[in-house]
Structures are given as C-alpha cells and as structure tokens.
Amino acid sequence: MNMKSYRFVRFLGNFGVYFVLTFFAFVMIFPFLYMLSTSFKIPSDTFRYPPRMLPRDPVTIQVEGYDEPLPLYFVDVDGSRKEYALAKSNIKVGIYAPADDQANTVERFISEVKPTGGVMNQQKITVNGEEVKLFDVEVDGQVVPMILVSQTTVGEFIDPENPESEPVFQNVRLSEPVENVNWHPENYTEVIELNNLGRALTNTTLVTVLVVIGQLATSVFGGYAFARLKFPGRDTVFVFYLGTIMIPFVMLIVPLYQLMVLIGWTDRLAALIIPWIFTAYGTFLMRQHFITFPKEIEEAALLDGASRFAILKDIIIPASVPALATQATFTFLYAWNSFIWPLVIINVGNEKNHVLTLALNVLRGRASDTPNLILAGAAIAIVPPLIVFILGQRFFVESVAGSGVKG
Amino acid sequence: MTTPSRIDAQTNLVLRIHMVWRVLFAFVAAVAILMLWTGAGETPLWQKILIALGAVIGIGASAYGAFQISKRNHAGRMASLALDYLGFVACFVFALNAGEFFIGIDALGETFGKGVPYLGITALGYFLGMLEEYFPTKNKSAESSLKTVSRWVMLGGFLLFLWQVDALNGIIYFIGKLAQPGGLIAVAGLAIFGLSLWSMSRPNVAQALNVKTGHEQIINGWLFLSPNLLGFLIFFAGPLLLSFYFSFTDSDAIRAPNWVGFENYAKILNIKFATLDSPDQLARDVVDIKVYDEVGRFTFGNTGILFAAADKFFWLALRNTLTFVLFAVPLSVIPALVLSNILNSKLPGMKFYRAVYFMPSIAAVVGISLVWQWLYNATIGYINYFITLGIEFWNNLFTAAVVDPKIQWVSDENTALFAIIIIAAWQTMGFNTVLFLAGLQNIPGELYEAATVDGAGVWDKFWGITIPMLAPTTFYVVSTTTIQAMQVFEQVFILMNPPEGPNNSTITLVLYLYRSGFQNFQQGYASAIAWILFIVIFGLTLIQFQRQRRSSIYES
Chain B
1 MNMKSYRFVR FLGNFGVYFV LTFFAFVMIF PFLYMLSTSF KIPSDTFRYP PRMLPRDPVT
61 IQVEGYDEPL PLYFVDVDGS RKEYALAKSN IKVGIYAPAD DQANTVERFI SEVKPTGGVM
121 NQQKITVNGE EVKLFDVEVD GQVVPMILVS QTTVGEFIDP ENPESEPVFQ NVRLSEPVEN
181 VNWHPENYTE VIELNNLGRA LTNTTLVTVL VVIGQLATSV FGGYAFARLK FPGRDTVFVF
241 YLGTIMIPFV MLIVPLYQLM VLIGWTDRLA ALIIPWIFTA YGTFLMRQHF ITFPKEIEEA
301 ALLDGASRFA ILKDIIIPAS VPALATQATF TFLYAWNSFI WPLVIINVGN EKNHVLTLAL
361 NVLRGRASDT PNLILAGAAI AIVPPLIVFI LGQRFFVESV AGSGVKG
Chain S
1001 MTTPSRIDAQ TNLVLRIHMV WRVLFAFVAA VAILMLWTGA GETPLWQKIL IALGAVIGIG
1061 ASAYGAFQIS KRNHAGRMAS LALDYLGFVA CFVFALNAGE FFIGIDALGE TFGKGVPYLG
1121 ITALGYFLGM LEEYFPTKNK SAESSLKTVS RWVMLGGFLL FLWQVDALNG IIYFIGKLAQ
1181 PGGLIAVAGL AIFGLSLWSM SRPNVAQALN VKTGHEQIIN GWLFLSPNLL GFLIFFAGPL
1241 LLSFYFSFTD SDAIRAPNWV GFENYAKILN IKFATLDSPD QLARDVVDIK VYDEVGRFTF
1301 GNTGILFAAA DKFFWLALRN TLTFVLFAVP LSVIPALVLS NILNSKLPGM KFYRAVYFMP
1361 SIAAVVGISL VWQWLYNATI GYINYFITLG IEFWNNLFTA AVVDPKIQWV SDENTALFAI
1421 IIIAAWQTMG FNTVLFLAGL QNIPGELYEA ATVDGAGVWD KFWGITIPML APTTFYVVST
1481 TTIQAMQVFE QVFILMNPPE GPNNSTITLV LYLYRSGFQN FQQGYASAIA WILFIVIFGL
1541 TLIQFQRQRR SSIYES
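In the order they appear, the protein sequences are chains B and S.
Under the working numbering, the residues of the first sequence are numbered 1 to 407, in order.
Under the working numbering, the residues of the second sequence are numbered 1001 to 1556, in order.
Calculated from the structure, these hints are not laboratory results.
Incorrect hints may have been included.
Stated by the list, open to error - Across the chosen pairs, the derived CB separations fall in these ranges:
#, chain 1, residue 1, chain 2, residue 2, range
1, B, Phe249, S, Thr1213, 38 to 44 Å
2, S, Leu1447, B, Leu242, 29 to 35 Å
3, B, Gly16, S, Trp1152, 57 to 63 Å
4, S, Arg1297, B, Leu12, 20 to 26 Å
What the hints assert, rightly or not - Covered stretches of chain B, going by a simulated chain S footprint (3 or more residues, C-beta under 8 Å):
#, region
5, 23 to 33
6, 119 to 132
7, 151 to 157
8, 334 to 342
Every residue, glycine too, gets a C-beta built ideally from N, C-alpha and C.
Chain B on its own, in the form it takes in the complex:
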C-alpha cells in the first residue's frame, strides 16, 4: 500500500469519525436550540407546519385609507410574485354549477348572487332525490340558474403602493405571508412578570445558594474528621455512611414529609434547604479528597500550636478549591433541578414559595396554547446551570470522570 492511499483511508476514517460525532452532537444539542428559538417566537409561529428554526413575524404595512396596518402576503399577479396587503378577509365565495352539469363550476361572491325567484320565493330543483336551492348566476352576460356546490372564503389583496388598483382575490390560508426574522425577548419578561417565574427564580437561587454553602460546610468538617482525626467509632460511622449512599431518595419522601409536618415546615422554603445540607455522599467525596492530602504539613502546623480548625481553614481549604468547586457544582445542579421533593412539600396554591421546577409545572398547565412562553420558562430553568457548567467545565467533567470507580 503506498503512502497516498493510506492517507486517503485515514482521511476517510477520520471523516467517518467526525460524521458520527457531529451527528450525535446534533442530536444532543438540537432540543436546546429548539427551546431557545421557540422561546423567541410569537404563538402563531410556534404552531406552523413545517416547523422552522428562526423566529419569524408576519410583516404588516400601513396602507392609505386603512386605520390598521395590513398584513403582507405573496400574491401571483400576471405571472409574477408580488407582495400585496390583505385588505379584507373572510369574503365568502360560492362555487356554483348547473344542476345537470356539476363539473362545470364557476366561482362568484355570494353577496353578488341572487336567489332565483327572489329571497321569499326561491326556486328549488331536485338533485339525487334532494331538493336544492337555485341561484341566478351570470355567466358571460347571461343569467343561468345554478346550484351551490360548495363554499370557500377568500381575501382581498391590494397593492400597497397603489391601493386603488385592481385587487386580487385568493385563499388567505393557502397564501404565503411575507415574514421577516424577528426575535421576541419580551416572552421572557412576560413569563417572569405574569407567570410568577421571577419569584420562582429568586426562590430557586436562594435555596440553591444556601444548600450549596450548607452542604459544603458540613461535608468539609465531616470529611476532615473521617480523613484525618482518629477517634473510636469513626470507622463504624463511616461504614454506616457508605452503606446509605446507594439508598434512593424516594425511600425517604413519606417519612421526611411527616417529619416536616411535625416540625411545621410544610409549604416552607426551609424544608427545601435544611434536610439537604447533610449528605453522606458529599462527606464521602470530601473524605476521599482530604485523605490524599500530605500529612506532614498538618503535623508541622500542629507542632506550631495551630488548632484543628485553623489547620482546616488556613491550610486544607485553600488547597482544596478544585474539589470544593466540583462538589459545589454537583450540589448546585442537584438543588436547582430537584422536583419531586418541592412538589410534595410546597402547595400548588402557595405560589410565593414555588421554585422554578414547580412554577414550570404550573406554567405547563396554564399556558398550554403558548409554547413560546412555556419554553421561555424552560430556558430560564435550564440556561443558568448550563452557564455554571461552562464556567466549571474543567473541574466538573474531569471529576465526574474521576468518580467512576477505579479498579
């Protein structure tokens, strides 16, 4: 095999690799793109088929003689495509045909067609055993009695530059509106101000911040005690901690709920914070980190008369920023995204104490005809963690990789 064809095979291989990777990347990222684009649309645009990515608005134009701006549509005039304004819609058009030759139809405005024999005394004809009303329809200057085969509506389209010229009539629903790309960030303000997402965002932030701080504090102290201090009972407690890591949270919902009822914390933000600042898993991770820390530095500090607290504060914590950042990110995501516990503990009616996930749950029912608002709400819940992720990516992904049990 010569060098050239080898290179070509390698190139093909790499091309295949990137193709597969990019395909999966597209699958992974597409729902996010869809969410963001839809959150900037107007409601009618979200229901359009086939769907489109960029948010678009129908274009309107101010035409002389009309108070309201008129929507623009593409209209075929003399074989060329032009932008005409819709002056009047819902004009009824009847499709008429002679009773004995129903394939030979003509279209007339219903308002221009008179019943045969007058309104009071309309003539009828029997077609297929049914009586059908007859109308006088003018065809080439002649009045022919015809029956109404079907009805439709059209719109009157006029040239915006020249409103007096001959209008064009065509079906509005089948006409393509003139649109331009237009983003609607006001969806976000609407969802924040009118649908309680502002308060929910504040609550979620508050809860998340307090849980992160509290959990870091308790797991740093606990982890340090497990890793560095010798005391009877330590290993028993540690094994006990380890044993509970596997236990799924749903086991605790019922008793924890009753505990909250007992303390009087149902419907309170405290119930979303206090139980979550003590975790076996976080303590375990901190212990695993501290145990790798060289002992000598600490012993030297102890000889100098430093207290354990001072050692923790001045030596260990400053040297553990990456590990702390990782755990903070984990806890942040967990607290920010949690749903079932808030759902259980916070009343649906008590909107003051809703967190984002709960508010989204309410919004889902309330705004089911405006996906743009729902997805703006979803974006408010999803984007902050993504930003935290992008900022903390270096620590975060590496440490997830590290948590996969070695050996």
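We have chain B; now place chain S onto it with these hints.
What follows is chain S alone, placed relative to chain B:
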C-alpha cells in the same frame, strides 16, 4: 505512673458543681419521661418511644458522667461534654425556631431578589482582591491598598445587600419573637449548657480529670463530625427507619398510625394466575373480581393465562418500570460505550464533543421534558417532521411507497413509554460517555501495543482488551444508570397528561408511590411500595455485582 497533680480548691468546686449538674440533668430527663408518658397523649407512639429512648440514654450517660467525675476519670468529662454539647445544639435550634428563623427564609425569598445585584458588588470586590495574584506588582504598598479597597468593596456590597433584603427588620423581628417564654427558655438553656461546656473545656479542669493527648483528637473528631452526623441521623437515617415502621401501618399523615402488620405488603403482593379457556374469556369468569383486577393475559393458541392482582396499578407500574429499565439502560450505555471509544482517539476537537454530549445531563429534567413534549407533538413537532422528511427522501430514492406513520407519540399507549425511554437515554448518554472515557484512559496503552505486535485487528482489540478492562467502569455505569432508571418519575409526570398515560401505559413505581402517598394519602401503603422498590433496586444491583465479580475472576 505519675500521681495526679494536686487539684486546687477552685477546680474542685467546679467539679462538684458539675457532678450536681449531671445529677440534676438526669433528674430533669426522668421527669420529662414521666410527663410524656402520663400526659394526655396526642403524641404518636413512635414519637413517644423516640423521645423516651433519647431521655433514657441521657439519664444513663448523665449518671455515668457524674460517677466518673467523682472518680476523677476522663470518661466523665467526655460524657459531660457530649451531653452538654447536644443540649446546647438542641437549645440553639429551639432558639432559632422560636425566633422563626427557619420560617423567615420565606420572607427572605420576597426580598432576596432585590439584594442579589449588591452581592454582585461583593463578588466584584473579591475579584479585585484576586487581581494582584494575576498581575504581581513589585510595589508592596499598591498591593496592600488594592487588598484594602477590595475588602471594603466586599463589605460595602454585603452591607448594601443586607440593607436591601431588609435584614435589620428581620433581626428585630427575631429578637421580638425570642423574647417570648419559649424563646427565653431556649436562651436560658443555651446559657447553662454553654457555661457548662466552657468550664469543662478549661485546661485545669481537663487536667484534674486526667486528660491525655489522644483525647483532644477524639473530642475534635466528634465535634467536626457532629453537624453532619446529627443532620444525617435526623434527616436520613431516622426517616429511613421511620419509613420501615410506616410500611407496617395505615399512616395517612394526619391521624396517629395504626399497626396493621404485613397487610400493606400482602395487598401489594396478592396476585393470582388463572388459566383461560379461550383467549378472550372475561376475567370475572376465572377470578374473584371483588378482590382481583386483571393486569394482563398471555395467550397461546386457544388457551391462555390470566394474570390478576389485588392492586393492579402496582403490577402495571412494575411492568412499565422494568420495561423502561430494560430499554433505557442499554440505549444510554451502548451508544456511550461506542462514543467514548471514538472520543478516546487523539483527534482534535474531542473535548468540545465531550462537553456537548455532557450538556443534557445537567439540564433540569422538568425543563427538558417540556421541550420534548413539543418536539413529540404529532402535528407540528420536529420529530414527526424529521420522520416525514426521511420517508419522503427514502420514497424518492427508491421509488418506494412507505406510508408516513404520523406517530401520536404521547397519546398512543404503544409509544408513550418509548417516548419517555428516548428522553431518558438522550439525557444520560453523555454522562455515561464521560464515565467510560475515564475508564478507557486508565487502560494502559502497552496492552494495545502488544496486541498490535501480535497482529490483532481493531475489532479483536475492542473485544479482547477494551471490554474486559472496562468491566469495573461498565459495572459502575450500568448499576448507577439502572438505579436512576428505576426511579423514573419527572419525565412521566411532566410529559404525560394524565401522568399515568393512555391506558396506564406510563404509570411507574415512583409515580404510583407519589399517587398513593400524596394524592390518596395512604402513606403507610406508599412506604411499603418504597421498600419493595428498594428491594428490586438492590436485587438488580446485586445481580450486576455478581456478574461483574464472576467475569473479573474469569479474567484474572
């Protein structure tokens, strides 16, 4: 052995007071038990038992402490410190509670939003202080002034924040609430326990009780662990035991629970199989439909077996959950394995792809489910649109006439669960990829080099080296994914309307647990479901563990 150093009169007095205090403590605890047991009992039994148990331990420890102090043994100091510390913490929590500190977090939710911008100022001050680490200056005075400025900015920002969130009013309110009887008792307790702790930790008292070098570490160890351990006991271990107890009661979260023995479990596990004479024979002909509901039937030719259960929803939920696990786990693990092998190549841009794959796993499931709800929309959703495009392309290419199925993803009982599976697989795939990638990077490269020398192909290397060497990672990935999948709830709850889906096709165990416990308020029953769920999860993990161990023994 050295003789104990002489104890001065003052220390002696302190020790005597401590002995009296320990006896008094035991006495008060005993009175508390008596009052609890004789007082008109609105308290549920489990709470009584719990409080009594705590008090008995307290009495014992306190008496032991008094005895050991009299003997001048250090154990007395330990017992004394432990009891006083627990008392101090309890009073602290009661004081916070009496001052409505915990409830006050709600009020903070109201004003917190206004304060957040000022926290930004604090953060700015912090970064200002960091600047000098990035741009080290020779000029020491400039450096220190920068630090001073940073400190003041931080302080100012924080004070502004406190002002904006109305902290002063909160503190005034707190003190006002604390000044009422309950709060005052808590504060008095704080003072007594605090004084006792302080006097006990003084060096001459410690020496009088023969302190040794190791003791300090014991005290520090428990002290450091205590916030974590107390919280863990109260909010995790305690509720876990409580859940076990509730599963044998008819608890409804309002009345005191009654013991019902195995009734809950018996109802859940009460199932019946019956043979059918014809495939469409009615259930009432073969089972007692006052007790049993039909869950499903399996037919072979002209006969069949009917599966009926006293609680059909549980069995439907179990069926759906296991189906979900059966599909969602392989769908999120196998592509992850493939992708991680590709990402492990040293081509440029792999970190970018890794980050992109990771994104779904950090987004809120509730938000994600809302997005997919619209993607799944049968008429305007992108998924059906892509299917339509694909079919059109196929038909044009091969002049075939494949009919567009226009799948009603969430409202068709045959696809509803599958729609949930796709979301879950999409969301966990990236996380698993990263885990696998880490496992791959731990495989020594020499193995592959040796295999290449032996003439092994890419495929041989994958099956011969990668798969066996990855076994521990695979075990970890599969078991964590399974544990998570067994608890599927949020996607179903958000996406389906009603959450149990068309014809109960998406009712899951956790959803059923939620419904029993928090919509029907059969919390004893819900606890029993929780324990069965746990047993299933535990069993699945155990099976995987056994398999992994067997395969690793085989490998070695």
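Determine which of the earlier numbered hints do not hold for this structure and return their numbers in increasing order. 4, 6 and 7
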